[in-house]
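Colleague: Sequences listed follow chains A and B, in order.
First residue of the first sequence? That's 34 in our numbering, and the numbers climb one at a time after it.
First residue of the second sequence? That's 312 in our numbering, and the numbers climb one at a time after it.
Hints may be right or wrong, so weigh each one.
[Stated by the list, open to error] Cross-link-like lysine-lysine pairs, in silico, DSS-like; alpha carbons within 30 angstroms at most:
#, chain 1, residue 1, chain 2, residue 2
1, A, K355, B, K337
2, B, K333, A, K283
3, A, K273, A, K283
Keep in mind that the hints were calculated from the coordinates and are not lab data.
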Amino acid sequence: MALKTGAEYIESLKGLNLTVYANGEKIENIVDHPLIRPHVNAAAMTYELAHDPAFEDLMTATSHLTGKKINRFTHIHQSTDDLIKKVKMLRMISQRTGTCYQRCVGFDAINALYSVSYEMDQKLGTDYHQKVRRYVEYLQENDLMVAGSMTDPKGDRSLPPSKQADPDLFVHLVEKNDEGIVIRGAKAHQTGIVNSHEMLIMPTTALGPDDKAYAVACAVPTDAPGVLHIFGRQTNDDRKFGEIDQGNAKFGIVGGEALTVLENVFVPWERVFMCEEYEWAGTLVERFASYHRQNYGGCKGGVSDIVVGAAATIADYNGTAKASHIKDKITEMIHLTETLYAGSIACSAEGRPTPSGAYFVDPLLANVVKHNVTRLIYEIDRLAQDIAGGFIATLPSEKDLRHPEIGKYVEKYFKGVASVSTEDRIRIARLIENMTGGTALVESMHGAGSPQAQRVSIVRQSNLETKKRFAKILAGIKVD
Amino acid sequence: MKLLRVGVKFCGNCNPHLDCPKLLEKLIQKAKDVHFVYWFQASFDVLLILSGCPVDCASRPDFNGPTVVVSGKMVDRVPVPENLLLDHILGAFERLKEG
Ligand SMILES: Cc1cc2nc3c(=O)[nH]c(=O)nc-3n(C[C@H](O)[C@H](O)[C@H](O)COP(=O)(O)OP(=O)(O)OC[C@H]3O[C@@H](n4cnc5c(N)ncnc54)[C@H](O)[C@@H]3O)c2cc1C
């Protein structure tokens, strides 16, 4: 049953038996819970849009495994065109959700594992790649949503996994037997995991021989015995129980992240894709990170399209749209947005085949994109807040606007230009407030890795010696 | 009168300079002697590519017959004022019908 609809996806979540806690309570019905529902709605868009002829060229692909039409989020990239279409798809969906729809992380995880498992098998004589292929086919056939589970809690950052005071601060192997393995630990910041069907666990860092037990990659159903999710708080999440004050009530802010605890979780061998091959952990991390960093000019490009549109709209509503500095700031926001997008397109266009046949992005340019996101989104959002005005931080609540006695004052004193209703001005202000601060900004900083992680990759791939040589030749310095 | 059967393919609309689904609605209303199908639904005589911007990245289905390409505000790469887009597309269909 390939290509689920949005409704079928939501229905399929009801069939899961997840253990989820949020705000100190066990959540029995994640689909209808106000803290979680917006993220479910956002993820459902990745399903629903695949059925719309206007978007299917981006949203679907032909499986190289079965020849069937599949949701692109379950596809293994077969060309640079696939890589480019991924970026365009992400921008297009973001323009409709204004937030993260979560499904790219698992998408990147299956692509990373697909090519790395092939290379492992070539070198080690293992049989991981065939298992990954069967797993990907299973995802495609059932159109499943997979969380990409890389980040461990990490404890003392100066110590490797095996030297931590608590061995569980990185996910590790506890037991190997005839039927499979048992793992323990936790994965942090898990985007969309409480509304995913599966989680794909990978190591979080390069590993040495002492860390062999931490070299584990495997697939686990999100409701497997021993798996427990603690849903994260977000800025302003008390507002989830109203509407206007949320800004983007339907789709929420970022992806709905959780800490996922793995208490002695059994994984059958068929779903184990790395087990103690510590030399390969770094390769897998790098490959996943590059695919994931590729995304950010697409998804954040689309999110920024909304922020640009909202800033231009509030300028109209405030009566400032014709001021030259406002026009200039909007122009700057567009310039920054397209700079992000250009990087994502570039690293995709410069993609290349791996030995497995799957295509991989240019890792240098992919790291550049994400590094830009850690800065330029802050600048785009700063400009939006500048244009919007201070009332985005001081607005009374939706309840005050609707209040029988004081509502008239909110109406009267939050009016902008006469032709626009106060409610519309407040709505766009709330959208800007919620999209440009707090949790939304932190995602741009740390999602897909903190800035330093990109700088390490950038310098490693920068071909610095050649640049020095060019300079020396021009300066008349003798070179060999 | 034999209806011209047109197969429609959209680009995916990540950068819509043009609202392609709306354009198709208007075409359906105006072109009474054309039968529109989506490219994957049935066979067709003419392929109509509706790309939202000039990049025109819509992938092309296997089809050897005549194709009309709208890419942003261009028809077959010729810039067209937005209010004349419909007429230009219909004109292109007309010429194809005449052979
Ligand atoms: C909204 C959001 C969504 C996310 N989604 C996912 C997801 O779906 N799946 C997933 O696996 N992960 C996800 N992540 C995790 C993300 O990849 C991490 O946040 C990121 O890798 C940084 O790790 P950290 O948060 O533990 O920060 P830290 O690693 O603690 O980094 C904090 C600072 O310390 C520095 N630092 C860290 N270690 C060292 C060291 N050894 N030496 C010197 N400096 C150091 C860093 O460079 C940084 O400046 C998400 C994160 C966010 C914020």
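Colleague: Compare the structure with each hint and give your call.
Modeller: Going down the list of hints, with the structure as the test:
no., hint, in the structure
1, A:K355 to B:K337, "violated (34 angstroms)"
2, B:K333 to A:K283, "holds (24 angstroms)"
3, A:K273 to A:K283, "holds (10 angstroms)"
Hint violations for this structure: number 1 only, all remaining hints satisfied.
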